[in-house]
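Q: In case you want the letters, here they are:
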Amino acid sequence: MENSFAEQGRWRDIDNLLSRPGNIVGPGFEPSPQLRQEIGEFARVLVVGAGGLGCELLKDLALSGFPNIDVIDMDTIEISNLNRQFLFRLQDVGKSKAEVAAKRVMERVSGVNITPHFCRIEDKEINFYNDFNIIVLGLDSIEARSYINSVACTFLEFDSEDNPIPETIKAMVDGGTEGFKGHARVILPGMTPCFECTIWLFPPQVKYPLCTLAETPRTPAHCIEYAHLIKWSEVHSGKAFDPDDPEHMQWVYTQALKRAELFGIAGVTYSLTQGVVKNIIPAIASTNAIISATCALEALKLVSGCSKTLSNYMTYNGVVGTHIKVADFVRETDCLVCGPGTLIDLDISTTLSQFIEILGQHPKLLVMKSSITHRGTNLYMQSPPILEEMTRPNLHLPLHELMGGVPDDTIHASGMAVRDGKKTSCLRKLRVKFKGLPDGTTEMGTTSVCKELEPDLN
Amino acid sequence: MAAESKTKYDRQLRIWGEQGQEALEKASICLLNCGPTGSEALKNLVLGGVGSITVVDGTKVEKHDLGNNFMLDEASLLQSKAKCVCAFLQELNDAVKAKFVEASPEALIEGNPLFFSSFTLVIATQLLETSLLKLDKICRQSNVKLLVARSYGLTGLVRISLKEHTVVESKPEHFVDDLRLQSPWPELKEFAKTIDLNEKDPIIHKHTPYVVVLIHIAEKWVDTHGGCLPTTRQEKKEFKDLIKAHMLDIDEENYKEAIESSYKVSIPHEISSQLHQIINDSAVEVNSASSDFWILVAALKEFIENEGAGEPPLEGSLPDMTSLTEFYVSLQKIYQAKAESDCRVMEHRVRTILKRIGREPDSISKSFIKNFCRNARKLTICRYRPIEDELSSPSVSELQKYMTDEEYSFSVSFYILLRAVDRFVANYNRFPGVFDNEIDDDISRLKTIAVGVLGDSGLHGSTLSDDLVNEMCRFGGGEIHAVAAFIGGVASQEAIKLITNQFVPLSGTLVFNGIDQKSQVLAL
Ligand SMILES: [Zn+2]
Chain A
1 MENSFAEQGR WRDIDNLLSR PGNIVGPGFE PSPQLRQEIG EFARVLVVGA
51 GGLGCELLKD LALSGFPNID VIDMDTIEIS NLNRQFLFRL QDVGKSKAEV
101 AAKRVMERVS GVNITPHFCR IEDKEINFYN DFNIIVLGLD SIEARSYINS
151 VACTFLEFDS EDNPIPETIK AMVDGGTEGF KGHARVILPG MTPCFECTIW
201 LFPPQVKYPL CTLAETPRTP AHCIEYAHLI KWSEVHSGKA FDPDDPEHMQ
251 WVYTQALKRA ELFGIAGVTY SLTQGVVKNI IPAIASTNAI ISATCALEAL
301 KLVSGCSKTL SNYMTYNGVV GTHIKVADFV RETDCLVCGP GTLIDLDIST
351 TLSQFIEILG QHPKLLVMKS SITHRGTNLY MQSPPILEEM TRPNLHLPLH
401 ELMGGVPDDT IHASGMAVRD GKKTSCLRKL RVKFKGLPDG TTEMGTTSVC
451 KELEPDLN
Chain B
1 MAAESKTKYD RQLRIWGEQG QEALEKASIC LLNCGPTGSE ALKNLVLGGV
51 GSITVVDGTK VEKHDLGNNF MLDEASLLQS KAKCVCAFLQ ELNDAVKAKF
101 VEASPEALIE GNPLFFSSFT LVIATQLLET SLLKLDKICR QSNVKLLVAR
151 SYGLTGLVRI SLKEHTVVES KPEHFVDDLR LQSPWPELKE FAKTIDLNEK
201 DPIIHKHTPY VVVLIHIAEK WVDTHGGCLP TTRQEKKEFK DLIKAHMLDI
251 DEENYKEAIE SSYKVSIPHE ISSQLHQIIN DSAVEVNSAS SDFWILVAAL
301 KEFIENEGAG EPPLEGSLPD MTSLTEFYVS LQKIYQAKAE SDCRVMEHRV
351 RTILKRIGRE PDSISKSFIK NFCRNARKLT ICRYRPIEDE LSSPSVSELQ
401 KYMTDEEYSF SVSFYILLRA VDRFVANYNR FPGVFDNEID DDISRLKTIA
451 VGVLGDSGLH GSTLSDDLVN EMCRFGGGEI HAVAAFIGGV ASQEAIKLIT
501 NQFVPLSGTL VFNGIDQKSQ VLAL
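Keeping their order, the protein sequence lines are chains A and B. Per UniProt numbering: the first sequence = residues 1 to 458. Per UniProt numbering: the second sequence = residues 1 to 524.
As a list, the in silico DSS-like pairs of lysine-lysine whose alpha-carbon atoms are at most 25 Å apart:
1) K325/A - K518/B
2) K181/A - K378/B
3) K244/B - K256/B
Just a sample of chain A residues kept apart from chain B, beta carbon distances all over 10 Å, derived:
4) I39
5) D131
6) S160
7) E161
8) N163
9) Q205
10) S349
11) E388
Since the hints were derived computationally from the structure, they do not count as laboratory data. It should be emphasised that the depicted structure is a prediction, and the values quoted were computed from it without experimental measurement. Glycine included, every Cβ here is placed at the ideal spot set by N, Cα and C.
The task is simple: from the sequences and hints, build the whole structure.
A: Quick look at the structure:
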């Protein structure tokens, strides 16, 4: 708990913003000298990622008056992180990023409490994410962003006129950088475009046609990818390539060099080999600082209303001069993720296992190996084995019955989908509607849940 | 470079290379005032491995410093701020020499101007106008680069001040490849002739590089169009149709690439206006005091007017394109050979110029000349007016344009208000809005002063939004950490560009707009 006497004057600068009225502020801004303390008491912030952006975000949020922060990251510290991930030292190499980052910020900024989670984002129950008022993303992968986005969107509920219910909007702030460029955006599911609405902003990763690699290589990258994708499996039958094993990397480099010599191609180096194989994105401290600061400031504004918020996508480009642009993107009204959900018509006799099969074949969804939840209740879970076993009997029951006999409702499926040729975890919101019910019960808005049929899992 | 440094700096070496890193490691940076803005700027540079830092600040750590500066902790209270910040910065990278001077920047500017002459770059943060103008003069006299950074509530600014910054490796992201399809040289034409576009073997046909396809078809076109390449929209469309007519199959990637790149045969045979301006700059009349850059530009001008026949030296690189390996590698060699021969001509001219101006003919290295030739089309020069000139006679037409452009109105208002704040401090010896009970009075005082600033800037009769004046007083001179981290981040980014001599630095004053994030660069 904050000792207000000892803290006297410490937060002077931020308190000016929070305690004084202004005319260019966010909706519902109620300035008061207690506002910072109130925010401290109710606001819980989750930082996803404790890397280049994550380290900055934790510092920025801690010094923006957020005393309760959680951070989740599955990675451990590497030497190549040290040019920008300023919370880590050489002796930390190999330790959990989330744990070390949390400890360092707490040591420096008294009164701040940071809870680290050293695990994959998919390892947490969906409800873990519902405990936070705001989720700030400092990630470098499209898949992870997409997953967190879909999780945040599952909490979104719509009223009978398909308008989002404000209390269910889980605000997100997302940042990303590459070299001297970066972006920061505010996502209010149901209000502003979600990550999936504007997925086109992220161009797919460069992939070389296999025939180019095998028959007509021209660039050093072609030679490297040949060694990495073709030659490796030819020579090491069954042994998986590990990009973090220096011996494996050295082997790919040597093979790539041989191939380059054979074809008269110049420019294969060890560093380029690593870059191509691991798809390394160049990263520096300054760009991360710029983007994280923008995200943290937006988080403060979203929670306190002390100023207008970014609407809704900011890009920074410092390659030639300095260019900062704000774009106001619009939501896709039929977005699969932040919309009211993909409508699926079912017979009342459709069983849960048939339903899972339908999801795998549905042209818009193509979600394989789905786990199904309805209003927080697990109907079927693919894993862990104990939950799978417990929910397996449900597979043969009609979904209509499992959902408590309602005529229609929202249901969530989490499974695997293919994006850019890669399998990724995904979470989809579905609106199930049952056919063949007696008239008068198919109206929208019926949300009563029958609890008797809920499998006893909790 | 040591293996450990190579690994540690890997992600940035991929951006600015070992040469850029070497420049950083040689740089000595002086920071004035180590509040959050300055501390954050240095943090990013220490992580990147600059040679040395010197932190100058005369104040002691107070309670409110712990609420916005990460480079301080509870134990720092009442101690020298420069000393504490310096110690925490040193922890980030032991390869950096970190020093501190416990003195007020204002006192150094007044009493010891020579202090600044040994640095590569001075980063002046949170400095008021009067001291800044003096510092700018000092830095310009001793050829020290100056970066100005200021955070103020939800606004702030970053600007650069120096006479001239010349960049060879500007590394723009989108730049059209130097293929010379509109004017292929004999060896390139010769090579194109060895490949028949009517080749029956489908493998060869679909692996003929688009460069060859375009040279053939452009030649055909020229023959039937009185020696001219396609220029009008209609002609360009017909040209594309002509390419399409040569396809054996609609899936031939190389022909698709040829259609996409067909505009490259119509690129006018002339240098860009930016390059034109550079080779006609008065600095091209070189003498023994000229920099290597300008000597190279003088040689470039001669090259373009003579051997280049209107073109700069060939860049020599070939983008990847669908092709048999054999064709591609042969083409690559042809481009490289031409680039090398252009470079040799340039080298000869450089040596002759050096002799003429009384310098050692070998005093510019071959690798520098080669790098210059490779980047000749992308040369960039940044010049900055003395800050005093901008403040006393800003471009009124630009200011007026900004005042009426909705996208710029917040930023330009903040620019004026930040100047008004400095005048306010000169009058009242404190920032507006520091006392809750004087806010209303401060608002009208600041407004009056801002009207004065507007008038002095040639904007008589213009007004600023009352809401923004109100905001300015609401900030109470505070340094918000997130804003400071942004401003410090931009400052360090610009510092890297200035020190590595790569990429293009900020051209004007970046005014941060923390309200809706529509920050703008003002060119005044
Ligand atoms: Zn969406």
